[in-house]
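Enquirer: As a plain string of letters, each chain reads:
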Amino acid sequence: MSRLNHHALFEDHVVTAADWYHLRSWRRHLPDLTWVTVLSGFWLWVVYFALIAVLIGLYHTVLVPRGAPDWPPKNVASVLYQPFAITSFALALLMVFRTNSSYARWWEARTVWGQVFNVTRNLVRQADAWFGEEDVAAFQMLVRWCAAAGYILQAHLCTAKLGPEAEGLLHPEELKLLASWEHRPICAGQVLSSIVASAVKDSQLRAAMDDQIATYINDAGACERIQRTCIPFCYTRHTSRFLILWLTFLPFALWEICGWASPVAEAVLAFLLMGVENIGIQIEEPFHVLPMHSYCAVIAKNALEVARERKGLDLFVEEA
Amino acid sequence: MSRLNHHALFEDHVVTAADWYHLRSWRRHLPDLTWVTVLSGFWLWVVYFALIAVLIGLYHTVLVPRGAPDWPPKNVASVLYQPFAITSFALALLMVFRTNSSYARWWEARTVWGQVFNVTRNLVRQADAWFGEEDVAAFQMLVRWCAAAGYILQAHLCTAKLGPEAEGLLHPEELKLLASWEHRPICAGQVLSSIVASAVKDSQLRAAMDDQIATYINDAGACERIQRTCIPFCYTRHTSRFLILWLTFLPFALWEICGWASPVAEAVLAFLLMGVENIGIQIEEPFHVLPMHSYCAVIAKNALEVARERKGLDLFVEEA
Amino acid sequence: MSRLNHHALFEDHVVTAADWYHLRSWRRHLPDLTWVTVLSGFWLWVVYFALIAVLIGLYHTVLVPRGAPDWPPKNVASVLYQPFAITSFALALLMVFRTNSSYARWWEARTVWGQVFNVTRNLVRQADAWFGEEDVAAFQMLVRWCAAAGYILQAHLCTAKLGPEAEGLLHPEELKLLASWEHRPICAGQVLSSIVASAVKDSQLRAAMDDQIATYINDAGACERIQRTCIPFCYTRHTSRFLILWLTFLPFALWEICGWASPVAEAVLAFLLMGVENIGIQIEEPFHVLPMHSYCAVIAKNALEVARERKGLDLFVEEA
Amino acid sequence: MSRLNHHALFEDHVVTAADWYHLRSWRRHLPDLTWVTVLSGFWLWVVYFALIAVLIGLYHTVLVPRGAPDWPPKNVASVLYQPFAITSFALALLMVFRTNSSYARWWEARTVWGQVFNVTRNLVRQADAWFGEEDVAAFQMLVRWCAAAGYILQAHLCTAKLGPEAEGLLHPEELKLLASWEHRPICAGQVLSSIVASAVKDSQLRAAMDDQIATYINDAGACERIQRTCIPFCYTRHTSRFLILWLTFLPFALWEICGWASPVAEAVLAFLLMGVENIGIQIEEPFHVLPMHSYCAVIAKNALEVARERKGLDLFVEEA
Amino acid sequence: MSRLNHHALFEDHVVTAADWYHLRSWRRHLPDLTWVTVLSGFWLWVVYFALIAVLIGLYHTVLVPRGAPDWPPKNVASVLYQPFAITSFALALLMVFRTNSSYARWWEARTVWGQVFNVTRNLVRQADAWFGEEDVAAFQMLVRWCAAAGYILQAHLCTAKLGPEAEGLLHPEELKLLASWEHRPICAGQVLSSIVASAVKDSQLRAAMDDQIATYINDAGACERIQRTCIPFCYTRHTSRFLILWLTFLPFALWEICGWASPVAEAVLAFLLMGVENIGIQIEEPFHVLPMHSYCAVIAKNALEVARERKGLDLFVEEA
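Residue numbers (our numbering), protein chains in the order written: chain A, 4 to 323; chain B, 4 to 323; chain C, 4 to 323; chain D, 4 to 323; chain E, 4 to 323.
Looking at chain A on its own, in the form it has when it is part of the complex (with noise of 0.2 Å):
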């Protein structure tokens, strides 16, 4: 499948009320063109499925008309599709499980990228609950990381180099600083960490500070942990080769069923079967489908929008 439509079909984006209320609707069941993107993932096998369908059809037509040997013989037609029936539930089950664990990892690493929103939202709180009056430089420049830290993980793993909207946000030196190093995210931990030491005397609420960089170290690590380690290969490469083998002789048993109906009953029983093996596939590396972008940009609008309101809030609670 080009980039092109993966990009088109399987890319997630922020789920508006307007989005719902259409998939609720009997709406949800028109069919629409999104098949033929999905279709281009694997139209090759498709077609390679439906040209076996038409060999054996060819071949009952043509062939044995002609005295080559009728095999399937007719006797057997009504139950030679048997070992397919009795096997169909495992390849099901197969597949079906599969796509449940890449749902599991999208699901885990959407959760991970729901926890880097929490924690700076969090420490923007708490520093401006903690940070003295005295220490705005200390609070601007957390409020800066806070703003980057997601653009600086979402660099780390998709492996582009830090973009404008993240540049726009820290200082030039800090970003200095922030290229000379390898792992970024854990610098990007380490500068909070010396904010914090420097801003706030009571190592009780240091502490407290310290377990959110920490949940953002954390979430560092799970985003890595999934995106370099896939569901075990052997298991990938199985669950293909069943389907492969079990599509392709298939058509032996439909034609006695089918008929010359066999090579369309046959493309979209490949047609259903590979979809589903490739969602699978497809939302196995969650970081390539989810709209990092706009949760980046979520996450430096709140942590701004809490320093824009400082002031008001203080004074606001000083008088209650």
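Below, a list of computed lysine-lysine pairs in the BS3-like style, where the Cα atoms sit at most 25 Å apart: (1) C:Lys204 with B:Lys204; (2) E:Lys304 with E:Lys164; (3) A:Lys179 with A:Lys164; (4) E:Lys164 with D:Lys304; (5) B:Lys164 with A:Lys304; (6) B:Lys304 with C:Lys179; (7) B:Lys179 with B:Lys164; (8) A:Lys164 with E:Lys304.
Calculated from the structure, these hints are not laboratory results.
Using the hints, position chains B, C, D and E against chain A.
Expert: Coordinates of chains B, C, D and E only, in the frame set by chain A:
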């Protein structure tokens, strides 16, 4: 499905002992009219499938006797359902697993809201025990914001304005402050932090209360995560596509089996299978079906009860 | 199902070694009379299904020989069960998954109650180690409320009044205080907080004990969550509808297969399948089946044992 | 199943590298005599099912030729297995899900015991780092009780008396104290608390060690929860009932299919299916099969190793 | 399966972007030669099953025409596969659930190793922020032990000696100390505790770092738990027994269906089904397949990077 039907059918309510009694009795299986409202979500599709079955029936009873090719031929009648049989397992697994993923999202959302209950109860309890006698204003303010915390989160999730109940809980200047924020649950967190920072001098106790506030922020993040991320769209779309294709071709196999009963059989099967898929879709966005308003009211009631009982309790324990 | 039968069959009890021994022996498969009580929950439905099978039999043996149309026709007899076969997966999956969701709720409820055990044990242990010698009254009061904590939560969940055992644990004025609250577990939490606040001066230790109290409040919230939220009603209703429709039409297919044995076959199938669904329903509200009263008694006994042993222990450790 | 067989077959042992090597080799599939011991758990039932098949065979070969009604009639022979086919799915799901619930219980019990390992290791480590030089007696006492903690919990769960290994670890007066308690793990928790309270003055470090003690108490609670609660009895009973009924009626369908091979086929099927159910039953009470005694010995060994190495380590770090 | 093959096939490696690209492309389904190595694990069994099919074929083509009894008789040919069909559910469920339990163990092991990453990163970060300027030696020592922590745990699990990389990280006297311990991860924990106790005076910060050390100890315990406990042996054995018996008898049913194609069909089915079981077996002991050496190298590299960057960072934050 119109919004009305959706609500009548899928909105949860707080379950009472009488509900449980009914649920456990044999009467739970008695047919009621809910199937009408369920069906209203996809009756067009059921009609469409029945229509296909009718057309196939007409073809065989009207056109075939007048010379149209008798397809599917008689001799395959007894095995034509096989392609459906060997894929029914994959289809059922796909639908039921998807429904369970939706259920897991729904239950997680419910659990997160349970934590909002807990957080507000714990904050008020801790403030009651740890705020000094002279911090009456701070205590009252904390109670007000805890009581409003549920409404604030609900309004944030459902993009509605803060309702009148919540407005009755907060002071006008507090409402104005809240209105100036874009992300209001963070604002509530900031306010609670500031109250704690001003009223609790001991850093250990302050950190313990901050833990609860951080849980509130995390819960808000978890709600956003669930609401703004749906199950990967390709998964939902492929399940729907599998189901629609499967049901569209099924009447070809049913005709030989059921004859003119096949439109009815097809309609019943379509209703049962689409109903399973429909459950998963309707509960996928849980904030649409959970009785959020009741939850918010209970949060407010519990917080206010603690404030009301405060005096009596303190005296009582001092005596002991 | 009458309340009596439900209790005889579904109420759990604390499992002993003898129970485990019986469960592991081959005798566990011996038929006993529990099926009578199980059946009492839905025997009307089983009779209804058997009746349908009888009516179909009468139609074929009485009316068909006298000229009534022979439907279903003979030639489809061998495939008429196919619509049932291809939906049996979906039905079985739906029922078994639903049963497992109920089981997960039941086990979570049991785990939450396990935490109530732990919380009360830990609170008493911490008070024993950290309360000063002069805080005898506070220690005694904490033990009393820990001992009663289980009863208070049970009474809150089951909407019953506090039983005589709990009333024997608390002093009259404490009972009066408790009665004045609507949400009594919160009241217990407040009292425990106040005791700790008055007896433990060190804020670190106070926060550690507060952690345990917060766990008690969270457990109360978790119990309420499970009790006041059922599995989405549309899910339960659709499973029931699927099952009833499936079993209602099944006799049409069974007649050709089993002849006059079909009423018996239908009744047995109905008993087995409705039994599976019934398990899920009966354990969905776990507080109805868990032996709550035994749990509360153990909580009280453990707390009182610590108080009783207190003196001996202190002397003993001091010597060491 | 006699206790002997159960042990020979189901008791786990600590897995070594050689075990893993054997498990991964093709030799794992070679038949061994374990099936004899497995079968010994339910051979009476297998004989009973085979007997039914034999009686049906005798009926058809002896009585039918002499005029007994030929039931099931020949013409349904090819479809009589259908009622079994459409329920085999529900039966298999029920059995396999139940087995997995048992497995989850077993693994949770193993994980809880893993935490007992961790707790004792952490407590000894913390005491080593935080107890003063002058607290040698307290340190020794803590090591003794940590070393015995596993044995105490095991004795509590298995209702046996404390074994000689544990008695060798504790002093006589400590054993007397322990014997005076009904709930001995709580006693161990109290003693550990008292030691920490007397040796660690800093409340922060004391709270950190208390966390570990609380984990021990929680683990004891979790073990009790698993041991004193079985999977709902109605679930176990209905699975057994489903299986027994299914296998009892199966020979009627098997006769036409397999003839006189049907007693053998029935016995093999009964052995395989009852074996699946049996696994779930045997591991449902995990403390019966886990090698608890080895675990307790390792706990003691690890705690004593830390005590032995203490001197060397301290000097070493001080130098650095 | 020889150790060589196992490694070539099942050892995981750190997944790169190119791997993910290949995995998502249609080329993932192309046959490669991995099936040769997979097959090498159980080819004897596949040959054995094919041989049975050949013998049955010879019996029917050689002996039956010469008067041997024609068993299975012709008239049951079309239903003889039924005993296999009705048990194929149970077999498939058993195998796939077992494979998923193995997968869960493997993923838990990976997650635990992810925590070892996090722990060492957090410890170095905290030491960087909280150790005083004068504690350079302690900081260097902590970095050394954190860098070696992965290697120490790996050596403990794989019963190998500490490799040369680890020996390059620690000083000779440190290696000697380590060698004197039987349980080396506990030794590493003790050393880290002692360093923290000597360098951090503030008890709050000391407790925060102790939390991370406790996590390391817990991770070591979790690794031991996974490595020293296999999925209950009776479960593994019964799955194998079910599979072998099922495949041994299958050729009797296949002969009538496939004729002389049945040895091939049997071999393909055996390869596919035994392959599923084999996956579960090969990943059940995860430390055998995870790229532990790469992980340890990354842990060391990250720790050393923080130490290298220390000076620059401190100056930088002080300026701000």
